[in-house]
Amino acid sequence: MSASILGLWNYWAVIVLMMTGLYIVTARDNLVKKVMGLNIFQVSVIMFYVSMAKVRGGTAPILVEGEETVLYSNPLPHVLMLTAIVVGVATTALALALVVRIQEAYGTVEEDELVRIDDDDG
Amino acid sequence: MKQPRLLREEVILRVVSKALVPLILLFALYVQFHGDFGPGGGFQAGVIFAAGMILYGLIFGLANLQRVWPPRRVELGIGLGVMLYAGVGVATMVRGGRFLAYGALDPHHPVHGQHLGILLVELGVGITVASTLIAIFYALGRVPPEPRG
Amino acid sequence: MSEHLPILQVVVPLLAGPLCLLLRHRLLVRGLATAVPLACLTIAGLLLHRVQQVGAISYHIGGWAPPLGIEYRIDLANAYVMVIVSAIAAVVMPFLPGHMGSAMVRRREHLFYAIFLLALAGLLGISATGDMFNAFVFLEIASLASYSLVALGRHRRALVAAYSYLIIGTIGGTFFLLGIGLMYQMTGTLNMVDLAHRLPEPMSPGTPGSRTVLVAFAFLAVGLSIKLAVFPLHQWLPRAYAHAPSAVSAFLAATSTKVSYYLLVRVVFSLFGAAYVFDALKLDRLLLPLSIVAMFAGSTAAIFQTDLKRLLAYSSVAQIGYMTLGVSLASVTGLTGGLVHLFNHALMKGGLFLAAACYGMRLRSSRIADLAGAGRLMPWTTAAFVTGGLALIGVPGTAGFVSKWYLVLAALEQGRWLVAVLVVASSLLAVAYVWRVVEVAYFADRDAGAHPIKEVPPLLLVPTWILIGATVYFGLRTELTAGVAEAAAGVLWESLR
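Protein chains in written order, with my numbering: chain A, 9 to 130; chain B, 2 to 150; chain C, 440 to 936.
To be clear, the hints were calculated from the coordinates, so they are not data collected in a lab. Treat the hints with care, since some could be wrong.
As the list claims (entries may be wrong) - Here are the simulated distance ranges between beta carbons:
# : chain 1 : residue 1 : chain 2 : residue 2 : range
1 : A       : His86     : B       : Val12     : 40 to 48 Å
2 : B       : Ala64     : C       : Gly908    : 31 to 39 Å
3 : A       : Ile93     : C       : Ser441    : 54 to 62 Å
4 : A       : Val72     : B       : Pro72     : 43 to 51 Å
Said to hold, decoys possible - Far from chain A, by Cβ distances over 10 Å, these chain C residues were calculated:
#  : residue
5  : Glu442
6  : Leu462
7  : Leu550
8  : Val576
9  : Glu579
10 : Leu598
11 : Ala601
12 : Gly620
13 : Pro818
14 : Ala859
15 : Ala889
16 : Ile892
Every value quoted in this text rests on a predicted model; they were computed, and no experiment measured them. For glycine and all other residues, C-beta sits at the position ideal for the given N, C-alpha and C.
With the rest of the complex left out, here is chain A:
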């Protein structure tokens, strides 16, 4: 039992990262920190895909002349994650741009203060 738990250590790492990210998103009031939490959350999924693709002893899937049989890791998840990273960058950029605008409009990026200002507005 303990062997299988330790043998799946990559999943534990993913779970820890994911929960850390989700916790930061929900527990922090600072909007920038929330974005950081969101990033950690997304990275956990990227780690999951990449670790899933690993073949023990496998290398990069590049054809080398002379060597016909190369044992290589599954390249597809890597390619997928390249796309997911792009999505993550776009999300982060948009989130930060919104934070900049919120700072300009409200003068703060703390969620509790934003709620208070909006409540005062009625």
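Dock chains B and C against chain A, hints included.
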């Protein structure tokens, strides 16, 4: 914009980055066009290119960078890259293949068509990625406009 | 060119977006942005027509055959969704330039249209694709574009609403991605048809991998439920729709949740199959109560709103409850009800939000109290709102009646009398919130000091009435929507196996 001016006064930063920026850009081009034969490709190249530009912007100031890459030209680059990518797809359709079936670009030598197709598509990706990242840098580093309520 | 229709459906708006950046000229951009949704509608109509004749169409991108290559697979269900999405985009278009209040948008109009067309491309892409990862990418394109559109609202609260929409939407999207990863781990494929074949049959708990498939399903279902705003995950929706520009609310309310619903239904019925989801997992035991709570909680919350757009947004939460009720009844009739309601609700809520946009343009406010006297001064807009409201209630002769009829029918089919009674009872709550608006608009007098208002120009009235007229038309001629929805439900039910 106080910080860039301070960075510009640092001699080491200025000299090192002045030497590094051309190398970074050259490396970006290498990754871009060698992607056909080895690891590399438009996305990575675009990121490296933008990184070089952003380094320049950080050290020498946003205004100087915007003289090289006016925001409007960056915006055009974003559109142009996607158009190039999708344009290849449309060209393959016009030539009778499926969308992005590069082989159709050169009916006599499908392999040539594939080379040409992937080169153009990756170029499109590179242009768009580099422009987008520079645009993000501009958007987050801009001087705040009038507040609104 | 007709063989390329599936890809053109997505590529046309996807190309038009960046083209807006290159054109920049206001008239050219507006012309392009008006033409593209119409072109999409034509393509979607042709596709629907062809699918009705020859069955599912498969398009191999780059000439690579599935399951290795990316496949666009059009069948009745997604052709039906694409028709709705493009039609709503085409109708909403005249509202976009004039209504967007802020000067920033008017100065950089081409950027706005580029984002709008990207959102359209994303929504159509989700519907057209037959590849799960491709669906994720389009889901995020559509979502990112929606976040930026919401942020363009006039009040600064739109920024906060867009931010929280972004956070929760990204969590939903990432869950969806994780679900895809787990499925890929079990099957080694991303193609929907191939997945449907390879996902292990409904299994007993001992089978290897059964738990991974279960977790994959859980992540996919929860991720999509967030994007769809299923009841306890709906908090982002009222805020986003209330603060977005009204025309954007009309577009998103009528399309974005509908496409998420389609994808959820596709995953539940086509990939995993009703046997697994309902017989083995008993999802209906969870989804049915949630749907009913959504119907009542959404409508009740709508009654107590003071803001017109927020009222409509809470009503959307309730209407999404009706759509998921159709799923949870786990029968072809129920699914037909859900799909018909998808179409009808798109028309009704689109029309109602456009009416709200008309009010917003003249009254410069979306508070219900400010509607006083609008019934007399803006007769056409108010008449549109009332007709749309009647459809929302489900009065016979309107589209809303048809979908509720199917839902009641599906409930009675299974002998669930209580569910049928609750569907009817929750419609009575809709009477209450529609009446609140009608009462103020027709029976309250406008303050003498308030600024004068008059009817909006025909350019805005015509699109509103196209949608509102359609709710009446499809309420009377049910064979068009219900017929296609029933066939589509059959296609989805059979799954892709």
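Consistency of the hints with the structure:
| no. | hint | result |
| --- | --- | --- |
| 1 | His86/A with Val12/B: 40 to 48 Å | 41 Å, holds |
| 2 | Ala64/B with Gly908/C: 31 to 39 Å | 55 Å, violated |
| 3 | Ile93/A with Ser441/C: 54 to 62 Å | 37 Å, violated |
| 4 | Val72/A with Pro72/B: 43 to 51 Å | 45 Å, holds |
| 5 | Glu442 | 27 Å, holds |
| 6 | Leu462 | 23 Å, holds |
| 7 | Leu550 | 13 Å, holds |
| 8 | Val576 | 6 Å, violated |
| 9 | Glu579 | 5 Å, violated |
| 10 | Leu598 | 5 Å, violated |
| 11 | Ala601 | 6 Å, violated |
| 12 | Gly620 | 5 Å, violated |
| 13 | Pro818 | 31 Å, holds |
| 14 | Ala859 | 39 Å, holds |
| 15 | Ala889 | 19 Å, holds |
| 16 | Ile892 | 23 Å, holds |
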